[in-house]
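S.K.: This is what each chain is made of:
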Amino acid sequence: MIWLPYSVSILYVILFIYAATSKLWDFRQFKIQLGQSPVLTAYADWVAWHVPVTEYILAFLLLWETTRLKALYATLGLMTMFTTYIILVLNFSDYVPCSCGGVLEDLGWTEHIAFNLFFILMALSAILATGTKSTSKTSRS
Amino acid sequence: MSTKPIYFKLFGTLSVSIAVVILLFLASEKQVHRNNAFTRRYPPHPVIKSYDLDLGYNSYYIAGIDKDILYLGNSTAPLHLLRIRLGDRDTTHIELSLETDLDSVRTKILNIQVLPPYFFALDGITPMILRGSTDNWQATVWAKDRAYFSKAQAIDSNRIAIRSISAKTGRSVLGLMERDDSLTVTLHPDILERKLDGIFDVDGAFTITPDQRHIGYVYFYRNQYLILDDRLHTLQKRSTIDTVQEPQIKLTSLSEKGTTEMSAPPLFINLETALYDRYLMIHSNRLGKNEPTDMLDEASIIDVYDWKEGTYAFSFYIHHVEGQRLKEFKLFGDHLVALMGRHLSIYQLVDAYFTKSTGNPDHEK
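Here the protein sequences line up with chains A and B, keeping their order.
Per our numbering, the very first residue in the first sequence carries number 14; after that it's consecutive.
Per our numbering, the very first residue in the second sequence carries number 13; after that it's consecutive.
By construction, these hints were calculated from the structure, which means they are not laboratory data.
A hint or two may mislead.
Residues from chain A that face chain B, not an exhaustive set, calculated with beta carbons under 7 Å [what the hints assert, rightly or not]:
| hint | residue |
| --- | --- |
| 1 | Thr97 |
| 2 | Tyr98 |
| 3 | Ile100 |
| 4 | Thr123 |
| 5 | Ala127 |
Straight-line Cα separation of at most 27 Å, DSS-like style, residue types lysine-lysine; simulated pairs [as the list claims (entries may be wrong)]:
| hint | chain 1 | residue 1 | chain 2 | residue 2 |
| --- | --- | --- | --- | --- |
| 6 | B | Lys339 | B | Lys249 |
| 7 | B | Lys61 | B | Lys262 |
| 8 | A | Lys44 | B | Lys301 |
| 9 | B | Lys301 | B | Lys163 |
| 10 | B | Lys320 | A | Lys83 |
| 11 | B | Lys320 | B | Lys79 |
| 12 | B | Lys180 | B | Lys301 |
| 13 | B | Lys16 | A | Lys83 |
| 14 | B | Lys207 | B | Lys156 |
Ideal Cβ placement from N, Cα and C applies to all residues, glycine included.
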């Protein structure tokens with residue numbers, strides 16, 4: 014299972030770089046869409062910058078062995094936030110906006126949740142794999 | 013034993029993330045609905061266009077609505093009315109006849125308001141008000157030389173809300189003209205709130221619900237509106253999402269003439285308005301956060317307020333027809349009619365956005 018944290022990290026790196034770039038590519042549009050999002054209207058400016066920047070930083074940190082575990086926790090947190098956002102928008106907001114960049118735009122909301130849950134599960138298992146590996150190391154010594 | 017801290021951390025990460033988003037959501041909801049953050053929300057398609065109608069002239073104005081019949085007055089042909097049945101777009105031309113000859117009224121400002129089974133012809137400068145039946149379209153004098161007015165809104169067959177100038181203070185006042193056995197005029201100087209001179213700064217427009225039970229007065233140069241009942245008692249004094257509270261107008265007094273004039277173009281905060289049930293719609297050309305500037309060339313922004321709750325609900329666009337911007341709009345039943353240049357656009361209001369109580373939506377998807 015040593016390969017798991019590494020491959021999950023690589024998958025996430027690809028996802029984050031792709032998602033962040035597609036947001037910045039059409040930043041104005043992204044900001045407008047966020048502003049129209051019923052959940053984040055008041056924080057659109059702030060969130061619009063922080064989301065892609067966080068994605069880039071995490072992509073970078075996931076690449077290094079030393080920072081990977083912490084980055085995986087942060088990734089899990091971020092993914093959970095995205096998913097919570099989608100669920101809130103779908104169930105509790107006045108209307109459902111259209112946002113998300115690139116091919117993700119073509120996903121339906123249900124597919125989007127499934128997609129996110131899959132990534133959350135991967136992050137979870139990667140953390141667990143890393144964790145048990147390091148604890149088994151310490152118990153051995 | 014050794015994996016426990018991991019589960020602990022994982023659980024912590026998950027719950028903190030979920031909590032942060034929920035808190036953001038709740039805080040944002042509150043800010044957008046209650047505060048003057050001035051960020052608009054555009055839900056997808058709260059109104060759907062039914063059709064456009066070419067009227068042939070751009071001088072029409074909305075004179076009244078009766079069920080699905082729309083009456084349009086014409087400012088260049090003051091005695092001409094256009095009657096449009098919105099269901100099948102059937103149009104009829106109506107010629108009004110007035111008891112007085114046209115020389116005794118200012119035809120340029122003559123305003124027709126149709127409130128079946130009556131209609132009014134109003135001229136606030138002469139001043140003269142005529143009333144007639146919509147059966148024969150013949151009007152007789154209803155009030156003459158009683159009160160000058162700059163704005164008027166017929167409430168029912170015997171009552172008209174006016175905006176006049178108080179002889180005592182020289183400031184704008186709202187008042188009620190009423191006919192029982194005789195005609196009475198009551199001025200209510202306490203309704204309009206003076207910020208500068210009491211004339212320009214309180215300028216605004218009347219709007220009335222189709223059932224004529226509530227009247228709105230929306231200030232042009234500040235972010236405020238009033239909702240009055242049909243006897244002009246103030247029911248609500250509310251603010252819009254805009255943040256301009258003090259009128260941004262420059263006034264110059266010409267002391268030798270004793271007049272005051274505007275010396276710079278004013279900043280319009282609110283333009284045309286429409287009132288229906290508990291919804292007040294205001295056309296605004298002010299942009300909020302994250303709104304594309306070029307949108308103003310393509311469409312007019314309508315902000316929807318729930319005046320009973322005092323909340324901002326959402327906004328939508330009315331797209332210009334052939335580059336003509338919105339001149340006037342009205343609500344009735346579940347329709348919105350908008351006049352743009354020589355075109356009339358009919359929109360259907362989507363139930364999900366207008367019947368539910370705002371701020372507590374519970375529809376799915």
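S.K.: Run every hint past the structure and note whether it holds.
M.R.: Checked hints:
1. Thr97: holds (4 Å)
2. Tyr98: holds (5 Å)
3. Ile100: Not OK, violated: isoleucine 100 (chain A) not within 7 Å of chain B, min 9 Å.
4. Thr123: violated (11 Å)
5. Ala127: violated (17 Å)
6. B:Lys339 x B:Lys249: holds (25 Å)
7. B:Lys61 x B:Lys262: Roughly 39 Å separates the two Cα atoms, so the pair is violated.
8. A:Lys44 x B:Lys301: holds (10 Å)
9. B:Lys301 x B:Lys163: Between lysine 301 (chain B) and lysine 163 (chain B) the Cα gap is close to 34 Å, so the pair fails against 27 Å, i.e. violated.
10. B:Lys320 x A:Lys83: It is violated: about 50 Å lies between the C-alpha atoms, which goes past 27 Å.
11. B:Lys320 x B:Lys79: Holds, at about 24 Å.
12. B:Lys180 x B:Lys301: violated (44 Å)
13. B:Lys16 x A:Lys83: holds (17 Å)
14. B:Lys207 x B:Lys156: violated (32 Å)
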